[in-house]
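Using the hints, position chains B, C and D against chain A.
Protein chains in written order, with our numbering: chain A, 36 to 483; chain B, 36 to 483; chain C, 36 to 483; chain D, 36 to 483.
These aren't lab readings, by the way, just hints derived from the structure by calculation.
For each residue, glycine too, the CB sits at the ideal point set by N, CA and C.
Be careful, since some hints might not be right.
[What the hints assert, rightly or not] Straight-line C-alpha distance at most 25 angstroms; calculated BS3-like pairs for lysine-lysine: (1) C/LYS231 to B/LYS231; (2) B/LYS231 to B/LYS214; (3) D/LYS214 to A/LYS231.
[As the list claims (entries may be wrong)] One side of the interface only, derived from the structure: several residues of chain B facing chain C at Cβ under 7 angstroms: (4) TRP205; (5) ASP206; (6) PRO208; (7) SER210; (8) VAL212; (9) TRP227; (10) ALA228.
There are 4 protein chains.
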Amino acid sequence: MRERLSAMLERGVDAFGGWNARRFLRELQQVLDPAVSEVEGGRRAAAVAEEYARATPQQRRACWLLMSEHFSPDVSAIQAAHAAYQAARGSEDESRAEVRLRRAFTAPRTRLLQRFSAYPGGVRFLVDLRAELLPHLARDKRLIALDDELQELFSTWFDVGFLELRRISWDSPASLVEKLIRYEAVHDIRSWADAKNRLDEDRRCYGFFHPRLPDEPLIFVEVALLHDMARSITPLLDEQAPAADLTRAHTAIFYSISNTQAGLRGVSFGDSLIKRVVETLRTEFAQLKVFATLSPIPGLRRWVDQQAPALLRATPARLRQALERELGAPLAPDAAALLKALDGVATLDERSAARRWLLAVAARYLGRELADDGRPLDGVARFHLGNGARIEQLNWLADPSPKGLRQSWGLMVNYLYDLRRLDRHRAQLAQGKPPMSHAVQALQTDLL
Amino acid sequence: MRERLSAMLERGVDAFGGWNARRFLRELQQVLDPAVSEVEGGRRAAAVAEEYARATPQQRRACWLLMSEHFSPDVSAIQAAHAAYQAARGSEDESRAEVRLRRAFTAPRTRLLQRFSAYPGGVRFLVDLRAELLPHLARDKRLIALDDELQELFSTWFDVGFLELRRISWDSPASLVEKLIRYEAVHDIRSWADAKNRLDEDRRCYGFFHPRLPDEPLIFVEVALLHDMARSITPLLDEQAPAADLTRAHTAIFYSISNTQAGLRGVSFGDSLIKRVVETLRTEFAQLKVFATLSPIPGLRRWVDQQAPALLRATPARLRQALERELGAPLAPDAAALLKALDGVATLDERSAARRWLLAVAARYLGRELADDGRPLDGVARFHLGNGARIEQLNWLADPSPKGLRQSWGLMVNYLYDLRRLDRHRAQLAQGKPPMSHAVQALQTDLL
Amino acid sequence: MRERLSAMLERGVDAFGGWNARRFLRELQQVLDPAVSEVEGGRRAAAVAEEYARATPQQRRACWLLMSEHFSPDVSAIQAAHAAYQAARGSEDESRAEVRLRRAFTAPRTRLLQRFSAYPGGVRFLVDLRAELLPHLARDKRLIALDDELQELFSTWFDVGFLELRRISWDSPASLVEKLIRYEAVHDIRSWADAKNRLDEDRRCYGFFHPRLPDEPLIFVEVALLHDMARSITPLLDEQAPAADLTRAHTAIFYSISNTQAGLRGVSFGDSLIKRVVETLRTEFAQLKVFATLSPIPGLRRWVDQQAPALLRATPARLRQALERELGAPLAPDAAALLKALDGVATLDERSAARRWLLAVAARYLGRELADDGRPLDGVARFHLGNGARIEQLNWLADPSPKGLRQSWGLMVNYLYDLRRLDRHRAQLAQGKPPMSHAVQALQTDLL
Amino acid sequence: MRERLSAMLERGVDAFGGWNARRFLRELQQVLDPAVSEVEGGRRAAAVAEEYARATPQQRRACWLLMSEHFSPDVSAIQAAHAAYQAARGSEDESRAEVRLRRAFTAPRTRLLQRFSAYPGGVRFLVDLRAELLPHLARDKRLIALDDELQELFSTWFDVGFLELRRISWDSPASLVEKLIRYEAVHDIRSWADAKNRLDEDRRCYGFFHPRLPDEPLIFVEVALLHDMARSITPLLDEQAPAADLTRAHTAIFYSISNTQAGLRGVSFGDSLIKRVVETLRTEFAQLKVFATLSPIPGLRRWVDQQAPALLRATPARLRQALERELGAPLAPDAAALLKALDGVATLDERSAARRWLLAVAARYLGRELADDGRPLDGVARFHLGNGARIEQLNWLADPSPKGLRQSWGLMVNYLYDLRRLDRHRAQLAQGKPPMSHAVQALQTDLL
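So that you can see chain A by itself, here it is in the shape it has in the complex:
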């Protein structure tokens, strides 16, 4: 751990490019002054935020350290309260002692941060501050507590009960559509015409909004209403494709979900969003029967690159022979030739051994390989399976864009939300068996 900022201040060091850290600390302390009203506290917090806005990156890091080190809990007060609580256990005073313990524990930092909520832009300020701070966490452990406190505060403020689900359509404000274009994280929106296509009459787009970040979708999902399960992203992004006939649409495909606020990392909205959207769609379209995603497999290629030797070893002899025949060469342990052949996915027909192999590998990646915490390796799989969805179908060349090819050789997957089985699926996942359809299970059997 590096030297405490406070120690440096005490030594009179001012490492912050001429910036008066002591004065800033004093201002932070004045925000907390219990003698002033909440309104006045908010006014002071706003002034701090203004000063922060003018600070350099280096000065901002100093701010974070000040907030970390100078507003931590009072250890001796905790100790005393804790002792009193233990003494009171079982007595008449236990309940009151618990209250005192909690009070003792509440770090001044908590009250400091809460003061920022008292002026209009304060929540925005804290969310942006955390977005800026997050990339520094790995390098500077001193910031962990501040980050955690922010996340906890945001979890309460941005509780799903306070979120408003709003449909985003072509009749939404242009400034909001512009934000969709900017924030879309899965399949880039290339133009306003592309955005309009995604807000067409056979599409639905919903976002969660919060009263303290008005006009800002915290997360949004794009849905296509289709006759059948979507097998490829291409027609969905085709601006010229005709709109589906809504009276015959039985399937809702969630084809893009994007979080927009880096500063809200760890505060989860996605599960609720999908469930609220499913409810909303079922109310509007009674005939919808199937709710599923068409999702990327962002980590597939990186994982295969790393695991290729092991995967080859798990490949049964028959499939190995077929691969060698197809490649016209023996398989090297590092599978270099095979991986190279996969670069030409677009040319592999349904009988191709390489295609069979890749599908088997992808099924294993999604459904059998779990991280140390017992959850799927793939970030997107982790999200949907965690919500109770199951792996339904793997789709070949479903995303032929450079990004799609780079991430997963163009493979995409449908996760199915079977509303009556979400809890059963979650239970299976908890037992280390991500639920999957028979078809995907069958794909897996191509590997040992």
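Below, chains B, C and D without anything else, positioned relative to chain A:
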């Protein structure tokens, strides 16, 4: 302390009128189940709330105890985390240890209560539960921690930053005006015509609303726009009185402030409300110069009844003689005759000694007598002086209603909000010197 | 016809209490000045309206005459244009000649009145002006053209296509509920509690609103959702009666329809209102099967009083004898004793001959007696039968209020809106045969 | 005039490509059926509109003829009513006779068209029908009456009193911004970034909306808030240019006004729009002092091309000599060389004789040359001068776009709206003297 409910359950006692407390406990625990999604947790919380709604008062008390005793913090986990935190102080791991300590400390009760926010009526449920619980606190200390946890949760949820200030007018929903009639706590609204008068063009009424308790004013204030400082509540409540000429209105009088949600006790909105309303009025009416209240003095009479002997002793000889002349009899130590004479306030003219004495006593009560916590004795004085207002003017027979006579012999007081001096006034109050005008100071000099 | 106002002005007579009619005429002419912009014309119209607001009733009558006489069509221009049009018939210029004829015909009064629509309160002004003028029409035929022109203008402005159907509920503005209380014309609303009962969850109230008379319902209807056909108004107006179970409600009863703007007489909204409300209710409550009214028979008693001798003559001998037995006396030709007996309707049981007679007479009044224009005598019958409803059921003592007894001995009638037969019913009515149920037809057979 | 369609129908000719014109006529007549309710009439009108939507252009022309010829006024009824009116003049019955005359005159076509307003899309249908019909008017005079009747109906329906002024901003619906892009008629909007620039914080855009054409701006104006009078359109359309400092903005420049509905030709909104926008801006920005346009001069070049010989003749000798020096050749009567030189406007400096000549010619074109109806030749000048603006300033090379150069060699003009002088200016215009600033008057003196 009475027996722990858990102990009773273990003994197989079921004291709750045939109600299955064990099953209810199990249901509460299932709300908390970390394996289920937030949406499912919310669904379970809603089911618990429905069961609670059907329970008897006795059963409800059992619910509170279950929530108090079975979801308190894990003492040994806190102890371990606390030890680890102390060990890590100053080391690289201090920040991470602080996070762990906070995690250990978070009582399961906190998470349990938060789950209730996940379904639409959940916040309403908790607020009503606390309103029901509050009267039992004094008698059953076991409930203190639950109450405190609720208050803390509400303080975050109902943070003023999340409140919306809305004007309430005669064009507001009838159902909302009906709530004003029901909730008005200072000067009863006697009829719809009375309500209409208070929402007339020379009046303003504002309330704070929260997204989770829609259509429910958490607190509201009634304001009259006048040419001069109001000296009596009578013309303000007179439905026949003509509306003031707004172009000549220089004074805004806050003549009634009512909190509506007993369950939100301890969560303070009033200070912010007044400041936001002042801002709003200044924007709409640039010519407004004076912002003040016309307030009751609810505790005056009770206090005088108790303190009469001491007050008499503090009465200088001259005034005593004048009183005796006026009463036509010597003053007894208990001031019985004087207090009896005050029943006839309506007949006491400006030269009356009894009137002089009562005004002096009222000025002392408001401005010099402080409670042990250093704050004014009178609840209303505590609120306004705490906000930075000052005692401006005492008004004789300003509220001749039975309630007004009963509380304070009809006396009312104006608290002045001088926006440039709020902080100075708060500082004076903190030093034990409630700020007051020269006129009120002068009244006081009639007592030693 | 009295002397033309213009002639009086020419003679220098100024019969209008010192009011300068010539100047007012000049101001009206300036409103019309084709050289000024529409905005300026509107400004001038607003000034005229302000002056009118200050005028005495006598002066206002003079205003109407000025508007009647000084802005009528230019006869010679019409003559010329008419001749030209006839000459052009069949030629290439016919179409253009028609345009010129229409232009020639448009009275300056039309353009004058239209100018009033150009400022915000102008439409309100004209509607109120006509409301004031209407009672004078019968006495002063000179005003007929002005009235007709206003009605025609209103018919275009208040075209149903421009009306907005809005639900009025207990969540509607208090100021709007206050208007319901004021405007209700069928069953007086006695108090706010009465209003609340009519806006309860098992009720619906809808009004038509127009953008130029904001917050003003032009007409509104009160509907009760019930399990069966309503037989009496009493339970509907009973504030203590429990709300009906909406899941079992199959019948929508329209129990009050009130026009609010006397100035819009002759501009009909009622037909559209009922049809739009029926559509709206069917969308919200798929299980509704029956749409009917519970209506007063306002003209019954007056008609029976006039027609008693003829009705007695049409009474068959059998019923006459039963009546005489019941009355204990022979029937006089003027039916005085019978009518007197009917004052005690509340005591007449189901076998009473007087009751039978009155029901037969009422059935005839509603369904067989037509006015010279071929439409029903009774105003309410005229409205509902004209809309395509049929007479469904007569209800004894359905409105025991003094007004109900005075108008129709407490009798009320249900008109049934059978949506698939509205046009068929209208056709029957056009043939002089108001449609009625078998039950009501059967009642009639008691008369010759 | 061609044969009447009715005659053709009578002869059994069906010239409309197999389309059953007789049936269509019958359907039109059924729309009018006085026996059906307004709601049913509207339903029938909607069915007619649907059939029309499927018709070919040729069939649509036949529709117009049917509507023109078969629903014209009843000549003999008019004649009789007219005679009766003349007879009644001065008698008691004059007023009633006037009513009858108006009734007789109302063409069935009026009632037919009004029925279309009774269903939601009906107004849209008629506006689009007229937009389609207008280009045929010149070739087929039979359509004039139908067109005129539509315009008159629209004038009542779209009366400015019924229009709602709404600000259009970057927070307006994307679908509305898309319409701006499509409808902008003066300076093409090239991209969404261009649209965003025009809705930036230093800009204002307002449109008139009508309840029956929702989400459709009938007309809109784009305004820039600037420090000084705008001399060129270039910086206003520059997406990179920084926004003006609003606190220092004293000038509002209307730089684009576009009508969007061809079908509403002849129904004027522009005058009201500008006045309402000026009012709105003055409320929002008290410091605005100058309201002016930056307008194209669309007809200048065409007029100069036609009038060149006459203009040359009006050029005083001195200027002619300067021109010849500058051109290096004598002036031909057709001014060919001069006009050719003007193609190089970008190179003509302030001392250029050609530049002087062109400015003088433009000043004359705008301010001295009037059409036969006494109004300015130039369409844009006609509009603004008709509203009471004056010609304020001519701007050299203010619009260097190809369109600007083609229309007016890049010249643009500011029309000034001096609110206190609008009526005075309109009076000057009515006297044939379009008002102009001294500067523009001075330019003119360069011509005889």
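Verification of the supplied hints:
Using a Cα cut-off of 25 angstroms, the hinted pair C/LYS231 and B/LYS231 holds, with the two alpha carbons roughly 17 angstroms apart. At most 25 angstroms may separate the alpha-carbon atoms for a hinted pair to count; B/LYS231 and B/LYS214 meet this at roughly 13 angstroms. Taken as a hint, the D/LYS214 and A/LYS231 pair is honoured in the structure, with Cα atoms around 13 angstroms apart against an allowance of 25 angstroms. Because the beta carbon of B/TRP205 sits about 5 angstroms from the nearest beta carbon in chain C, less than 7 angstroms, this interface hint is met.
Nearest Cβ of chain C to the Cβ of B/ASP206: about 4 angstroms, under the 7 angstroms cut. The hint holds. For the restraint placing B/PRO208 at the interface with chain C, the shortest Cβ-Cβ distance is roughly 4 angstroms, inside the 7 angstroms limit, so the hint holds. The beta carbon of B/SER210 comes within 5 angstroms of a beta carbon in chain C, closer than 7 angstroms, and the hint placing it at the interface holds. The closest approach between the C-beta of B/VAL212 and any C-beta of chain C is roughly 4 angstroms, which is under the 7 angstroms cut-off, so the hint is satisfied.
For B/TRP227, the interface hint holds, the least distance from its beta-carbon to any beta-carbon of chain C being 5 angstroms, beneath 7 angstroms. For B/ALA228, the interface hint is violated, since its Cβ never comes within 7 angstroms of a Cβ in chain C; the closest pair sits about 10 angstroms apart.
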